[in-house]
Amino acid sequence: MIKSIGIRALIVLAVCLVALFYLTPSVMTDRLPPFWKNNLPADKIHLGLDLQGGMHLVLEVQTDKALEGTIERMANDIKETMMEKKIRFRGIARTQKDSITVEFPDHPAREAFEKILKDNYPDFEPASASQRDGKEIVQIKLKAKRAQDIKKLAMEQGLETIRNRVDQFGITEPEIIPQGEDRIIVQLPGIRDPGRAKNLIGKTALLEFKLLDEEHSLEEAMRGNIPEGSIIAYGTHLDRESGRRTQVPYLVKNKTLMTGASLETAKVSIADRFGEPYVSLKFNAQGAQDFDRITAENVKKRLAIVLDGVIHSAPVIQERISGGNAQITGTFTMDEAKDLAIVLRAGALPAPVTILEERTVGPSLGQDSIDKGIWSTIAGLMLVILFMMIYYKISGLVANLALILNIIIIFGTLAAFRATLTLPGIAGIVLGIGMAVDANILILERIREEIRGGKSPRASVEAGYTKAFLAIFDSNLTTLIAALFLFGFGTGPVKGFAVTLTIGLIANMFTAVFVTRIIYDYFIWNRKIQTISV
Amino acid sequence: MAFVEFIKPDINIDFVGKMKLAFSISMAMIIITFASIAWHGGLNYGIDFAGGTLIQVKFNVPFTIDKIREAFQPLGIENSIIQQFGPQEIVVRVGEGTTDLKSLSGKVEEKLNNTFGQNAVEMRRVEMVGPKVGKDLTKKALLAIFFSWIGILIYVGFRFEFRYAAGGILALIHDTIITIGAFSLLNKEFDLTIVAALLTIIGYSINDTVVIFDRIRENARKNIKKPLAETINDSINQTLSRTILTAFTVFLVLLSLFFFGGPVIHDFAFALIVGVIVGAYSTVFIASPFVLVWDKWMPSKFRRKK
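Quick mapping for you: the protein sequence lines, in order, are chains A and B.
Oh and the first sequence: position 496 is 496 in the numbering used here, straight run, nothing missing.
Basically the numbering used here = 1-based index in the second sequence + 534.
What the hints contain is simulated information worked out from the structure, not anything from laboratory work.
Since we're looking at a predicted model, the values are computed, not measured.
Careful, some of the hints might be misleading.
Claimed, not checked - Below, computed lysine-lysine pairings styled on BS3-like, alpha-carbon distance capped at 27 Å:
| no. | chain 1 | residue 1 | chain 2 | residue 2 |
| --- | --- | --- | --- | --- |
| 1 | B | LYS760 | A | LYS372 |
| 2 | B | LYS722 | A | LYS467 |
| 3 | B | LYS722 | A | LYS372 |
| 4 | A | LYS65 | A | LYS301 |
| 5 | B | LYS592 | A | LYS455 |
| 6 | A | LYS65 | B | LYS666 |
| 7 | A | LYS152 | B | LYS669 |
| 8 | A | LYS467 | B | LYS669 |
| 9 | A | LYS97 | B | LYS666 |
| 10 | A | LYS152 | B | LYS674 |
| 11 | B | LYS666 | A | LYS455 |
| 12 | B | LYS756 | A | LYS467 |
| 13 | A | LYS455 | B | LYS760 |
| 14 | A | LYS65 | B | LYS645 |
| 15 | A | LYS467 | B | LYS592 |
| 16 | A | LYS97 | B | LYS669 |
| 17 | B | LYS542 | A | LYS393 |
| 18 | A | LYS152 | B | LYS666 |
| 19 | B | LYS760 | A | LYS338 |
Stated by the list, open to error - Covered stretches of chain B, as calculated for chain A (at least 3 residues, CB under 8 Å):
| no. | stretch |
| --- | --- |
| 20 | 558 to 564 |
| 21 | 757 to 768 |
| 22 | 783 to 792 |
Glycine included, each C-beta is placed from N, C-alpha and C at the ideal position.
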């Protein structure tokens with residue numbers, strides 16, 4: 001223990017000033033002088049989404065789907081290679097999420113396949129082989145390491161894509177944090193249209209160009225006889241007079257000619273005729289070349305523009321298009337068109353995402369919570385201050401001083417460490433107010449005991465602090481253990497509460513023991529008071 | 535010198551003598567808790583643990599719950615739980631988490647605006663917890679409670695003796711169970727914030743208990759010859775004033791949270807109020823007397839020497 005009252009007072013003053021220093025931006029809000037803003041920490045206390053309003057999402061990137069997609073593409077690739085090399089096979093398909101099964105009519109074909117597998121597809125390893133009815137069936141499996149890489153890459157790309165989309169949506173201070181292997185936490189403060197934001201973030205946005213199958217009849221396909229290599233997909237049709245949207249079926253070829261990956265940019269434009277918004281696309285160099293070739297080969301055929309499996313439009317290719325420009329028309333509102341342009345620019349998600357958890361708080365509820373938080377803090381504080389003054393008189397006043405200092409330190413620490421203040425966090429502070437005076441109650445009860453025992457004020461204070469200290473230390477530390485577990489395992493509301501409770505407990509050891517002692521020592525040593533008002 | 539005193543300094547209540555009565559009362563409360571949980575078929579888990587969607591809506595126009603149910607009919611959620619939440623607000627709880635993007639909240643807003651007129655409602659809060667996350671949260675909550683017990687057991691065992699630690703933990707388990715019991719009896723919703731409250735109660739109750747243990751430790755050193763029962767009783771009496779004063783100040787701030795904190799933390803404050811009362815009781819009647827029971831059962835080496 002430092003003996004000098006002066007040095008101890010200086011320490012307290014320093015702590016106080018540092019806390020106030022960090023608090024200034026929060027209290028001064030807009031009146032902060034410019035030199036402060038430029039040179040000193042200007043961070044305000046960061047409010048949680050429950051206080052400022054906003055949306056908190058936990059997304060899961062379905063990395064398994066990305067893996068399946070990759071295997072699907074590889075199977076196609078192997079199929080083409082085998083056709084090129086004239087290897088005879090009966091069938092090839094993806095079975096399970098990470099393996100491909102191939103059927104061969106005879107042994108030489110299988111051996112030829114195994115050779116190209118070894119030479120061209122080192123990522124695969126044979127998983128099993130069997131013979132049935134004279135056919136040879138081989139199952140190949142993607143190597144576990146490679147499968148892991150694909151999943152990891154899907155997660156990374158997903159994170160990057162979502163980050164891009166959110167950035168372009170124009171929200172201040174969004175937070176996008178990866179969690180675990182396949183989860184992404186998205187926090188959007190102050191969002192006004194949560195539905196739109198969710199749509200924007202969660203849309204896979206896989207843009208594909210496919211040819212319409214015009215050789216076969218749609219009616220026949222609708223009856224169930226879908227021709228090989230084609231599928232039925234739907235689009236929507238807006239009836240201009242009634243404003244009703246109806247579903248329209250199309251028969252499209254399975255093969256994807258191009259995807260949105262070759263886009264350079266996408267933006268919203270307005271059509272002259274109806275003033276309707278549409279999205280104009282510009283391809284990159286490779287994309288423009290491909291598009292040129294595709295349109296040249298398919299003049300007078302209909303090209304379907306498919307987004308996430310839904311057909312947006314299927315215009316007839318009138319002539320070869322060489323400029324690398326295209327447009328997606330459809331039945332958009334302005335917002336829908338804007339959002340589509342954003343997701344196309346940001347790129348497709350490598351795998352679909354699902355929302356695991358959502359917590360959205362409207363701005364008015366946030367403000368209500370702040371008001372109520374402030375009120376309950378003030379009310380709780382007043383009650384405790386009043387009680388301490390009645391019960392312990394001047395000593396109560398000293399304890400109250402420590403209590404107020406405690407609160408200043410809590411807020412100062414929150415600002416300094418950029419911790420987030422939430423509604424449960426405010427509850428933690430309010431509870432901390434009740435518990436903070438406990439240390440002083442312990443000390444003061446001890447001092448009273450000593451005075452009753454007939455000791456002088458000086459000896460009573462000395463003994464009171466010494467004897468109470470161990471109890472305060474042990475009891476606060478055990479509570480701190482509970483608080484740390486709250487913090488470690490806590491999510492959302494629990495964590496916010498643990499933060500303020502922990503800061504409060506630590507600050508309490510300082511204010512209730514160290515700070516109050518200085519005041520007593522000053523009056524007893526320097527002023528030589530003979531009685532203590534306790 | 536005159537002090538303001540709630541508890542006179544010469545107070546001498548025979549707490550240890552009332553041990554059997556206290557143990558019986560506690561046992562009864564614990565049995566009631568389990569009976570109530572069994573009766574209700576488990577706790578009334580909130581969406582944090584059960585999964586589901588919670589939507590808080592503020593009405594700018596008069597409304598009736600029946601009319602809201604009617605509006606919900608096309609969505610197939612007319613049988614979900616709809617509760618009044620403050621004067622102009624309701625909370626709707628739908629069992630299953632919907633993971634589709636155009637989620638339930640948008641549809642609810644649309645239907646309510648159709649029924650009650652444009653801008654009749656304001657979406658105040660939407661919470662959706664999928665089943666996967668619900669399981670995660672449940673696991674984490676249980677782990678948090680369990681490990682905090684272990685952590686405290688180790689610390690108290692290290693600072694005092696193991697039997698103190700055992701008494702302290704027993705009191706904590708006691709407090710946790712009875713607070714859960716209060717929630718079960720009133721059929722209040724049990725969610726994440728209530729787990730936070732339970733952990734706070736654990737923190738508070740052990741704080742309270744350790745102060746008495748500290749006194750027992752001090753008194754035992756001062757007078758080794760005195761029977762443990764007397765030492766414990768003296769210690770509880772000597773710290774009684776502090777036990778009640780601290781509980782009282784915490785109680786004051788909790789009342790303020792309960793009345794001014796708003797509906798979101800209403801149940802949280804309620805849990806703490808129950809916990810602080812039970813915690814103070816268990817500190818005095820359960821934790822310390824248990825040390826005595828342990829001592830009769832398995833006397834400490836230190837004491838046998840006398």
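Practice problem: Compare the structure with the hints numbered earlier in the document and write down the numbers of the violated ones, lowest to highest. | Solution: As far as the earlier hints go, 1, 2, 4, 5, 8, 11, 14, 15, 19, 20 and 21 are violated by this structure, in ascending order.
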